[in-house]
Structures are given as C-alpha cells and as structure tokens.
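There are 2 protein chains.
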Amino acid sequence: VRLLVFGEQAHFAGLLVDMPQGLSCVQASQTVLMDEKPSAALRHKRESSMWLALAAVASGSAQACVSAGNTGALMAISRHLLGTCAELERPAICKPVPTATGVCWMLDLGANLEASAQQLMAFAQLGARAAQRQLGRPARVALLNIGTEADKGPATIRQAAALLAESSEFAYIGFIESGDIFSGRADVVVCDGFAGNVALKASEGAARFLFSQLREVLVGSYWARCVGFLARPFLQKLHTKFNPSHLNGALLLGLQGVVVKSHGGADVEGYVAALEVALSQVKANIT
Amino acid sequence: VRLLVFGEQAHFAGLLVDMPQGLSCVQASQTVLMDEKPSAALRHKRESSMWLALAAVASGSAQACVSAGNTGALMAISRHLLGTCAELERPAICKPVPTATGVCWMLDLGANLEASAQQLMAFAQLGARAAQRQLGRPARVALLNIGTEADKGPATIRQAAALLAESSEFAYIGFIESGDIFSGRADVVVCDGFAGNVALKASEGAARFLFSQLREVLVGSYWARCVGFLARPFLQKLHTKFNPSHLNGALLLGLQGVVVKSHGGADVEGYVAALEVALSQVKANIT
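From first to last, the protein sequence lines are chains A and V. Reminder that position 243 of the first sequence reads as 243 in the working numbering, one-by-one numbering, no gaps. Reminder that position 207 of the second sequence reads as 207 in the working numbering, one-by-one numbering, no gaps.
Among the hints, a few may not be true.
[What the hints assert, rightly or not] Not everything, but these chain A residues come out facing chain V in the computed CB check (under 10 Å):
hint, residue
1, Leu144
2, Gly179
3, Ile181
4, Phe182
5, Gly193
[Stated by the list, open to error] Within a straight-line C-alpha distance of at most 27 Å, the following computed BS3-like cross-link-like pairs (lysine-lysine) qualify:
hint, chain 1, residue 1, chain 2, residue 2
6, V, Lys37, A, Lys152
7, A, Lys241, V, Lys237
8, V, Lys241, A, Lys241
9, V, Lys152, A, Lys37
10, A, Lys237, V, Lys237
11, V, Lys241, A, Lys237
12, V, Lys283, V, Lys241
13, A, Lys283, A, Lys241
Because the hints were derived from the structure by calculation, they are not lab data. Glycine included, each C-beta is placed from N, C-alpha and C at the ideal position.
Construct all of the structure, not just a fragment, from the sequences and the given hints.
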C-alpha cells in the first residue's frame with residue numbers, strides 16, 4: 001500500500017522530519033473547515049486537501065480517499081468529482097455496526113433524507129456488494145421497517161420489498177425492526193437516511209446511557225466501588241468493542257470511486273480501521 | 001380508586017372466590033385476540049371485554065381504560081367509541097423512556113407513520129400536557145431530527161419547528177438528535193410514528209445487546225465468573241430499571257378519554273405501573 005497524504009504545508013512538519021517509506025506528502029494551499037457549508041466548499045475550496053485528494057481518485061492516481069473532515073463537503077465534492085451511479089443523486093453513507101455474530105452494514109445513514117423504492121433497491125445492491133467480499137457469501141439483506149409482516153409500514157418500503165425480493169445478487173430476508181439490527185440476522189440493513197440516522201444514533205445514545213448508569217451504580221457504596229474495581233477490565237473490554245472509533249470508517253457508496261469517511265475524533269487505531277475499510281473496498285473492486 | 005375488570009366469565013374464576021374491595025367484575029361474552037385485525041375486531045367484537053371497557057369510558061361510567069391486549073384493535077375501537085381531537089385521525093402512542101434525570105415522553109411511537117407539521121404540533125401539545133402534571137412546570141419539548149441546526153432535516157419537521165416555537169403552553173427547545181433522548185435535555189420528544197418506533201426499538205435493542213454482551217464477557221473465565229457473581233446485584237438493579245415492564249403504560253393520546261396500553265407481557269408490578277399512568281392522567285384531567 002502506498003499512502004498519499006494531502007494537507008497544508010504547516011501540517012506536515014512532523015512527517016517531513018522522518019518520512020516513513022511508502023508515504024508521500026502532497027501539498028494543498030487550502031483546508032475545508034469543519035463547519036463550512038458544502039456548497040461553499042464546492043465553490044471556493046478547489047485547492048483544498050480534500051479537493052485534491054478526491055481529484056487524485058478521479059484521475060486514477062489514487063484508488064481510494066479517506067477523510068476525517070467535513071462530511072457534507074466530502075459528499076458534495078466527491079459527487080462533483082467522481083459522479084454517482086445512475087439511480088442516486090448523492091452517495092449513501094454506510095457503516096458497519098457490531099452484532100451478536102459480527103457486523104451489519106447499515107445504509108443510508110443520513111445523506112438521503114428520503115429514498116424512493118428504486119433508491120432503496122440501489123442501496124441494497126451497494127450494501128450487499130460492500131458486505132459480500134468480507135463475508136465470502138451472498139449477503140443477507142433486510143429492509144428496516146416498524147414490523148415484520150408484509151403489510152406493515154409505508155408504501156415506499158413495501159414497494160422496495162417487491163424489488164429486493166426479485167434480486168439474485170443477494171438474499172433478501174424481509175423486513176427487520178430496528179431492535180433486531182444487533183441480532184446478527186441481517187448482514188445489510190437498508191433504510192432512508194433519516195431512519196438510519198435515527199436508529200444508529202438512538203442505539204449509540206442508549207449504549208452511552210447504559211454505560212454511564214453502570215458507572216453510577218458501581219460507585220454507590222464502598223462495596224460497589226470494590227466490585228466496580230474488579231469489573232473494570234471486563235467493562236473496559238466491552239467499552240472498547242463498542243467504541244465508535246474502533247468501528248470507524250463509513251463508506252460513501254454509490255460513487256464512481258472509493259471514499260471513506262473517518263470519524264473526526266478517531267484515534268490512531270480508529271484511523272487505521274478507516275484505512276483498512278478503504279483497502280478492503282478497493283480489493284473488492286467495489287466501484 | 002374503584003376498579004372495573006372486564007373479561008369473559010372463565011377468566012374471573014380466581015377473582016370471584018376472594019373479591020378484593022373496590023373491585024367489580026363486568027362480564028363480556030367475547031375476547032379480542034392478539035393477532036386479530038383491528039378492522040375485524042371493530043366489526044365483530046362488540047361484546048368483547050375491550051369494547052365494553054372502552055364503552056364504559058365513553059359513557060362516563062369509567063374515567064380511564066387500561067388494556068394489555070391487541071394494540072391495533074385498542075386504537076381502532078377507542079377511536080371509534082371515544083373520538084379523537086380535531087387534528088388527529090388516530091391517537092398518538094406516547095411512552096415515558098428513562099433518562100439521566102428522570103423520564104422523557106416520546107410520541108408518536110407507531111400509530112401515525114407520517115405526520116404533518118400540524119399533527120406534530122398536536123403531538124407536542126398532547127405530550128406536553130401529559131408530562132406537565134408530573135413535572136409541576138411547563139414541559140421542555142423537542143422535535144426529533146437528524147441534526148440540531150435550524151436548516152437540518154425534512155421540510156415537514158422544519159415547518160413544525162416554526163409552529164412549536166410560537167406556543168406558550170410549553171417550552172420549545174428546538175431539534176434533538178435520537179442519541180440525546182436519554183440525556184434528560186427534553187421532557188417531551190415529538191416525531192412521526194415511524195421515526196419514534198425506530199428510535200425506541202433501536203435503543204431497546206442496543207440495551208438488550210449490551211446486557212447480553214456483558215453477560216458473555218462475565219462468563220469468559222473462572223475469574224470473570226467470580227466478578228460476574230459479585231456484580232450480579234448491581235447489574236440486576238440496572239436491568240430492573242430498564243426493564244420495559246417497569247416503564248409500562250403507553251398513553252393513547254388525542255382521544256376524548258384516557259386509554260393506556262400495557263405491555264402484553266407485563267408482570268404484576270408492570271401492570272400496576274400502567275394503572276398508575278392512567279390514574280395520573282385522570283388526575284391531570286388530560287382529556
């Protein structure tokens with residue numbers, strides 16, 4: 001693997017002293033800010049590290065781009081420079097979430113607030129291909145709904161179900177309720193960006209809340225503190241497993257190129273995870 | 001409090017032997033089955049315990065109805081017998097979820113898959129009134145969205161925000177992300193039934209998953225089992241707190257009467273919680 005690092009000169013100070021092998025720096029004269037409007041970045045930041053990195057993917061001099069920057073700008077610039085596949089106006093955000101048996105790829109997680117039946121079908125195809133390589137078998141794909149019976153939910157989701165059921169690329173397993181995402185029943189869960197974002201953040205919020213409540217219970221008395229001390233390594237293990245930075249690397253699917261969004265607050269381990277997601281997608285020839 | 005218990009004679013066997021004071025049995029000749037279509041129940045179960053109990057509320061001989069039966073049928077029959085308030089075609093399902101500082105009332109949780117800005121406003125008014133009595137101050141109401149900035153999310157939610165901001169009945173505090181529901185920042189979270197159902201079930205699923213993972217970590221070795229044994233009372237405490245049966249009693253809001261849905265699998269303590277929810281709503285003169 002060769003790494004190209006894009007950034008303003010000032011950010012390279014540490015790297016240039018002791019440049020690791022297989023790594024080159026590409027200087028940019030601008031940086032897209034975290035709170036910048038995507039439309040503004042698209043218009044005024046054509047010399048930014050983000051723009052140049054995505055342009056390298058577009059020109060073929062790089063096979064994938066990983067960024068921990070502004071998500072909206074990354075989507076807008078990657079759509080502009082790489083283009084999307086036919087059914088999609090914008091890429092779908094896809095992330096692996098931990099389950100009882102491995103991971104489940106959820107999409108869309110917020111790029112497309114609404115999605116037609118055709119778009120949900122496109123999400124299913126994209127998610128299935130992203131998951132398949134890692135699974136070594138056709139992915140089991142489910143549609144997020146508020147019940148599992150065929151007559152449940154909005155018309156769009158029921159229409160999408162009819163499309164997905166006809167696919168031979170993946171195994172469509174029907175509707176899934178959001179409480180069942182973590183069961184391992186599905187490899188890919190398909191939904192519009194609003195529902196996906198709500199489901200993912202609700203589960204992250206619930207996990208955070210439970211951990212904080214657990215911490216509170218384990219300082220309630222002297223004895224509780226003792227038990228808490230003994231239990232700490234086990235809780236730590238669990239906490240690490242569910243730490244978003246260790247499940248880092250959201251795919252922007254539906255682009256004519258591999259683009260991975262790292263969490264802005266990812267640590268080294270987390271950023272490596274995002275790089276590995278990009279690598280696996282390149283190997284899977286996802287585009 | 002006087003309790004009227006509606007059911008078929010066969011179900012009263014135990015009660016009739018040693019009838020507690022303040023409790024009377026009302027015999028019904030039918031029962032709405034758990035898997036019965038609401039429309040079928042509405043047409044063919046006019047002598048059922050559910051129908052007679054709701055008819056008692058409609059006639060004024062009871063002030064509230066609590067049922068652990070078929071949710072769809074309960075909604076359909078209560079709408080038919082009690083009627084809904086102006087903006088709503090059907091009642092909104094509203095439940096208290098635990099937060100870092102108390103509870104947060106979420107609605108709608110699945111009765112109305114879509115909701116207009118006006119309907120979201122009606123949900124806000126209903127939820128705020130339900131919460132206010134228990135709080136003793138105006139409720140802090142938030143709209144569920146996928147970002148907190150004013151320009152985020154679907155047009156309907158942004159239009160609803162404008163309506164809610166003008167209310168003097170409650171304190172509108174803006175958008176809330178689903179991960180923040182448990183923070184205690186809002187007393188009432190308003191959303192359409194699809195988003196609410198997805199958020200609630202995702203958080204319940206995540207909590208279930210975490211508990212199961214915790215149990216798994218605590219049987220991984222002899223030492224882990226020892227720590228697990230010591231930690232059990234603390235985990236049990238937490239588990240009890242988050243057990244849906246102890247947060248039992250979903251309100252069917254927007255009806256011309258108090259109707260509370262108990263979880264079908266509630267134990268005695270859970271059913272008492274549902275009865276207490278009904279009682280507090282009657283005292284608050286919610287209708």
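Cross-check of the supplied hints:
1. Leu144: holds, 7 Å
2. Gly179: holds, 3 Å
3. Ile181: OK, holds: A:Ile181 within 10 Å of chain V, min 6 Å.
4. Phe182: holds, 4 Å
5. Gly193: holds, 7 Å
6. V:Lys37 with A:Lys152: holds, 12 Å
7. A:Lys241 with V:Lys237: holds, 24 Å
8. V:Lys241 with A:Lys241: The hint holds at about 24 Å.
9. V:Lys152 with A:Lys37: Satisfied, since the Cα-Cα distance of roughly 12 Å is no more than 27 Å.
10. A:Lys237 with V:Lys237: holds, 21 Å
11. V:Lys241 with A:Lys237: Holds, because 24 Å separates the two Cα atoms, which is no more than 27 Å.
12. V:Lys283 with V:Lys241: holds, 25 Å
13. A:Lys283 with A:Lys241: Holds, at about 25 Å.
Taken one by one, the earlier hints all hold for this structure without exception.
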